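Protein chains in written order, with the working numbering: chain A, -10 to 460; chain B, -10 to 460.
None of these hints come from the bench; they were simulated from the model. As the structure is a prediction and not an experimental result, all values here were calculated from the model. Check before you lean on any hint, since a few could be wrong.
The list cannot tell twin chains apart, which means a pair is met if one copy fits it or any two copies do.
[As the list claims (entries may be wrong)] Result set (BS3-like, lysine-lysine): computed pairs, CA atoms no more than 30 Å apart in a straight line: (1) K22 / K226; (2) K177 / K301; (3) K386 / K427; (4) K166 / K386; (5) K226 / K239; (6) K322 / K236; (7) K166 / K301; (8) K300 / K166; (9) K40 / K300; (10) K89 / K73; (11) K393 / K441; (12) K22 / K73.
Protein chains: 2
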Amino acid sequence: MVLGMKFDKNNFSEWFGKVLEEADVIDLRYPVKGMPIYKAWGFSILRNCFKMLEGELNASSHQEMLFPLLIPEDQFAREGEHIKGFEAEVLWATHSGLEKMDRKLAVRPTSETVMYPMFALWVRTHADLPLRVHQTCCVYRQDTKMTRPLIRGREIYWNEAHCAHATAEDAESQVKKALEIYGDFYKKLCVPFKALKRPDFDKFPGAEYSIALDVVMPDGRVLQAATAHNLGQNFSKVYGITFDDEKGAKQHAFQTTYGVSMRCLAVVVALHGDDKGLVLPPAIAPVQVIIIPILSKDEKQPVLEKCRQIKKQLIAEGVRVDIDERETRPGDKYYYWEARGVPVRIELGPRDLQNGQAVIATRLGEKKQVKQEQVVEETRKALAQTEKKLFENASEKLGQQTSKATTLEQLKQTIEEKGGFAKAGWCGSQECAETIEKQTTAEIRGKEKEEKAKCIACGKQGSTVYIAKAY
Amino acid sequence: MVLGMKFDKNNFSEWFGKVLEEADVIDLRYPVKGMPIYKAWGFSILRNCFKMLEGELNASSHQEMLFPLLIPEDQFAREGEHIKGFEAEVLWATHSGLEKMDRKLAVRPTSETVMYPMFALWVRTHADLPLRVHQTCCVYRQDTKMTRPLIRGREIYWNEAHCAHATAEDAESQVKKALEIYGDFYKKLCVPFKALKRPDFDKFPGAEYSIALDVVMPDGRVLQAATAHNLGQNFSKVYGITFDDEKGAKQHAFQTTYGVSMRCLAVVVALHGDDKGLVLPPAIAPVQVIIIPILSKDEKQPVLEKCRQIKKQLIAEGVRVDIDERETRPGDKYYYWEARGVPVRIELGPRDLQNGQAVIATRLGEKKQVKQEQVVEETRKALAQTEKKLFENASEKLGQQTSKATTLEQLKQTIEEKGGFAKAGWCGSQECAETIEKQTTAEIRGKEKEEKAKCIACGKQGSTVYIAKAY
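Kindly generate the complete structure, drawing on both the sequences and the hints.
Structure follows, in structure tokens:
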């Protein structure tokens, strides 16, 4: 136990903070609330996540751009619902040097109001549509709730995509496409989730509807890990995004927007980590394979040479690999790389050298002696198995964390005892939603699909929804 | 002339703006001064530049991290020279939602004051040194001079590196190392420069000395394209960055910092561009090779198939390649990709298919018929030659733009007529620097090396310096 503590669901928060620190993910001591420093290891994992996502978006006809941080007040305030949803959280820049500026500038809490005036300039005819744009950046929200590392902060690292479409159908199918992309993304992170259409009172400010991916964290609470919104024509009407359709008539564009934040990193840490620290899915591990030479004085050079040769072979295969040549004990190195979550370790000592063998150990605890000529193949297998196992383990857990309830009493009990999701009927009224929340402290997260069921609060006809305590 | 204008040194500014627009590099219509939108093509070039630089820094023992945007006022104001140098340009965030905050927060104009309090926590003993950190981010400066796209803005995209060292010698050699890294970087961008030690009055606020890379732009003015600063112990004393040396004595760390901004993109556009638009060095071209199928109705499919086959071969070789399969005339496609600066074009039509040939054309105007089985090899050659030629052309220009002067009259004349650098003697006094600037409108950019010469203003013994009009 390199962390000096066992991890269970009751000490999740403490364990989480400790892992982030020990594994060099973030430093929380910066003196502005909710703004972490991403240290080298953590930033590399984060960037690997987002590189994968950016690549996927680029490959599916999104254009990667970069927009400004600051928004003139009048430009920001144009869409009524949107500004209402964000105004309490916006950070305002008011002074330039020692002087007060003529107008204040919002530090972007999200980029609709940055991008859409530009969309209005770029979109002229139906031939300009669909327009799909994305950017990776930080956004700023003066959230008044308690900040939590990587989960709720005031500087949010994210990728946001924004699109304009010619028809409502195109917008609808883009939301589906976005959820597919995010689904594939989280699959590579070995993270199972529920995609839930949020109740109307919980949708994005200015949207027609919102669908979110919810993940169950080890303490039984759910975390929103990605969102996709259908904006309809709300913003295009306000910002004047119009186009000439094929008959030459002016139309307002239909819009969609979707995003994933650094919460993906929180989810990876939380779902896969253990008593020893991080466990990283191979797709995002900065080092996928660490080679540890077991050095005796006599055979140091030949052992090192063999290790370097294996490293070269693995690099040629596109594996991210490193050798730990430091002058410390192998056991200390094991702990070090285990805490950082490296999925596969190769050990090679003088005896292995003689026998033409090496040891392959996975972060999930499997260990195997293999012939040196099979090291590359066996390493590939170990990486693939780790990915598979991580997803299976997490899926099994999610299965256990999903239950059903038919009475409020039962709902309260399952939420309290098991945590996670409870499925129950809800009529759709805000009143019943409030009753449910009051009696169970859990909230309605939304529908996975349309399925009829009687409301757990009032008994009227409604649909099955997922209910959970949330972050 | 796709731009509708010929490019010469007298219309540089107009040409520059037009190229940036036509080639989809940036959009300048965002309603906050000095904040461009990086469009897809421009952002891809920019990221290719910075990916190369980040990779180089990571490979030379720098840790890539990400630090917060905001700095509490007291933390920002601790180093006297530094704050004096920046206070007129700092953007301040003062309000959170509808309320005034207890303390104002500076939007980082540079990250010394963000990072060094953290360095103070991280550095304990000599074993923690050297500490080398870098980040790519945007910084914000309310520059009061006229903004110019990619050259002088208020949102500056850059990579900044910050180090702490155990000795003054280590700091000194890190500055040299930084200049080497930047030199290699600009070499890949085919950009020649002068590395000049700035006069004391022009050094970075809080530094012991500053060395900058200066590039001569087509209009004859020089642009600072990278800087490296030796900070000595100025900041470590203020922020308490101390370590126990090998004898157990407390010491203040020696520090260095260096950076490159989006000006590298301005330089690439300006130095290599021509009447047709951008010309991109292969190292940073989002598309290095564009394949244009010349389609007739009958043989469309076989031509396309051959093109796709060539694309596959080139991808396997690590070349960034695309096919333009749009239904427009080949000539229009040539213009389109020329304006965007793609270094190599492959043309292949029905006759080429029959003859087993293809045409390779470079952006620098060379054109060649080659056998299909040699396309990969010939493409490689064409890319390598383009890189070589771009650097040679730019170096030749820089040679022509560097002259000598021994009198103020001569200096004035050469600066006016030829632009670029003039080498002359300077005694080192601020008074003579002012005399020179007053009489010639050019400024002292600094020394390349120590070389004795009589001051062009007062005749006293001094050293050779480079003098130029600057951005």
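A quick look at each hint next to the structure:
no.	hint	verdict
1	K22 / K226	between (37 Å within a copy, 26 Å between copies)
2	K177 / K301	both (25 Å within a copy, 26 Å between copies)
3	K386 / K427	within (27 Å within a copy, 76 Å between copies)
4	K166 / K386	within (27 Å within a copy, 51 Å between copies)
5	K226 / K239	within (12 Å within a copy, 64 Å between copies)
6	K322 / K236	between (69 Å within a copy, 28 Å between copies)
7	K166 / K301	between (39 Å within a copy, 27 Å between copies)
8	K300 / K166	between (39 Å within a copy, 28 Å between copies)
9	K40 / K300	both (24 Å within a copy, 24 Å between copies)
10	K89 / K73	both (25 Å within a copy, 18 Å between copies)
11	K393 / K441	within (14 Å within a copy, 87 Å between copies)
12	K22 / K73	both (24 Å within a copy, 27 Å between copies)
Hint check: no violations occur; every hint is consistent with the structure.
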